[in-house]
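**Student:** Sequence:
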Amino acid sequence: MDQVRRCFSCRSVLNRKSFSKTQLEKEPGKSRCANCVSGLIREPDLPTAANPTQQSATAWKERPSVLAEPKPESPGAEDEAPAPAIAEHEPDALTRTDPEMPEIAYAKFADGAFSNPFAEGSLLKVAAGWTAWGPGIGMVCKWLKPGVVNNEREFFGMNMKASRKAIDIIKRFEEVKLPKPLNKTIFVSETEVRKFEENPDDEDWQLGGVLHLQQPFVREFQKFNSNTGWCGTSTDGMHVMQGLSHFSYHDSGGELVLCDLQGEAYSSHIVLTDPVILSRSRDYGDTDLGVDGIDNFFSHHRCGSYCDRKWMLPVNPKPVKRFSPQEGTKLF
1 MDQVRRCFSC RSVLNRKSFS KTQLEKEPGK SRCANCVSGL IREPDLPTAA
51 NPTQQSATAW KERPSVLAEP KPESPGAEDE APAPAIAEHE PDALTRTDPE
101 MPEIAYAKFA DGAFSNPFAE GSLLKVAAGW TAWGPGIGMV CKWLKPGVVN
151 NEREFFGMNM KASRKAIDII KRFEEVKLPK PLNKTIFVSE TEVRKFEENP
201 DDEDWQLGGV LHLQQPFVRE FQKFNSNTGW CGTSTDGMHV MQGLSHFSYH
251 DSGGELVLCD LQGEAYSSHI VLTDPVILSR SRDYGDTDLG VDGIDNFFSH
301 HRCGSYCDRK WMLPVNPKPV KRFSPQEGTK LF
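For the sequence shown, full-length UniProt numbering begins at 1 and goes up steadily by one.
Since the hints were derived computationally from the structure, they do not count as laboratory data. Warning: the hint list may mix true and false statements.
[Unchecked claim] The calculated lysine-lysine pairs, modelled on BS3-like cross-linking and capped at a C-alpha distance of 27 Å, are: (1) 145 x 171; (2) 195 x 171; (3) 26 x 184; (4) 171 x 161; (5) 145 x 184; (6) 180 x 125; (7) 125 x 171; (8) 171 x 184; (9) 321 x 310; (10) 321 x 171; (11) 125 x 223; (12) 180 x 145.
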């Protein structure tokens, strides 16, 4: 029996008490929490460039030229959302660990969401929006800063490849006996790669033809570790992630490290976005720092409560610090 379940509408992972008996009897992917069924949740509390805390639904406008075709939730839903232009999808674009996650949906974004992103990292800019129907599931678009990589298609393809590999590693990590019992389920955020369409009617639109990631919105974003060995504040979630990174090295026989772990931690689960793989063969693109990256990661790593002392470590030769640890993602 599943102890937690993801609500189809608001995407929150909740314990069974948050669902009615009728909803619990539904097949995976179809159940809705009590708040969504009762209509208590109407719109997401999303930060924006104009207002870092909240902006009402009426202030948001769709940009049809950059959106994908909606998939109706129920008969008649086609009438609830305007018909958008259909955005191009990359093949094999979906990755997920949770069978109850609904597919990435048609999303709406505020005027100015792309010209004034509400967040950005060392590589990507981020705009926030929400799905066009239902209670309004928070969504984000992430696109590369100009000039940071030579081939954006390859970069996003490797991003998806790393996420799929992360899912395999996480499944094994959750199955092994750890020094400290793992009381959290680990998910990798559902992601699609899409292409912004041209919009000749908008002189300010500069992103036509640019690839981007679309993902569910992470409200309380945290960085747990990076691909240069940096690690965040000492919390249980951070120690779980450090244990996962160490396990990935041991599990692969020293061939790779799952790292650059970031996302959102709850009491019962952690949701990760855009993980990085360091590999001896450098099979995972621009963020894969190869043998030097693996060596450097463990020169900064300190085992915690979720690391098994029997797990492999690169001790011969002893790891050497090759990069300064930085919170942002480093490119090869």
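**Student:** Could you run down the list of hints and mark each one as holding or not?
**Tutor:** Against the structure, the hints come out as follows:
1. 145 x 171: With Cα atoms ~33 Å apart, residue 145 and residue 171 exceed 27 Å; violated.
2. 195 x 171: With a Cα-Cα distance of about 31 Å, the restraint between residue 195 and residue 171 is violated, given a limit of 27 Å.
3. 26 x 184: holds (24 Å)
4. 171 x 161: holds (16 Å)
5. 145 x 184: violated (34 Å)
6. 180 x 125: Given pair residue 180, residue 125 is violated - Cα atoms ~37 Å apart, limit 27 Å.
7. 125 x 171: Measuring from Cα to Cα gives roughly 30 Å; hence the hint is violated.
8. 171 x 184: holds (12 Å)
9. 321 x 310: Given that 27 Å is the threshold and the Cα spacing comes to 23 Å, the pair holds.
10. 321 x 171: Violated, at about 30 Å.
11. 125 x 223: holds (16 Å)
12. 180 x 145: Distance ~40 Å between residue 180 and residue 145 Cα, so the pair is violated.
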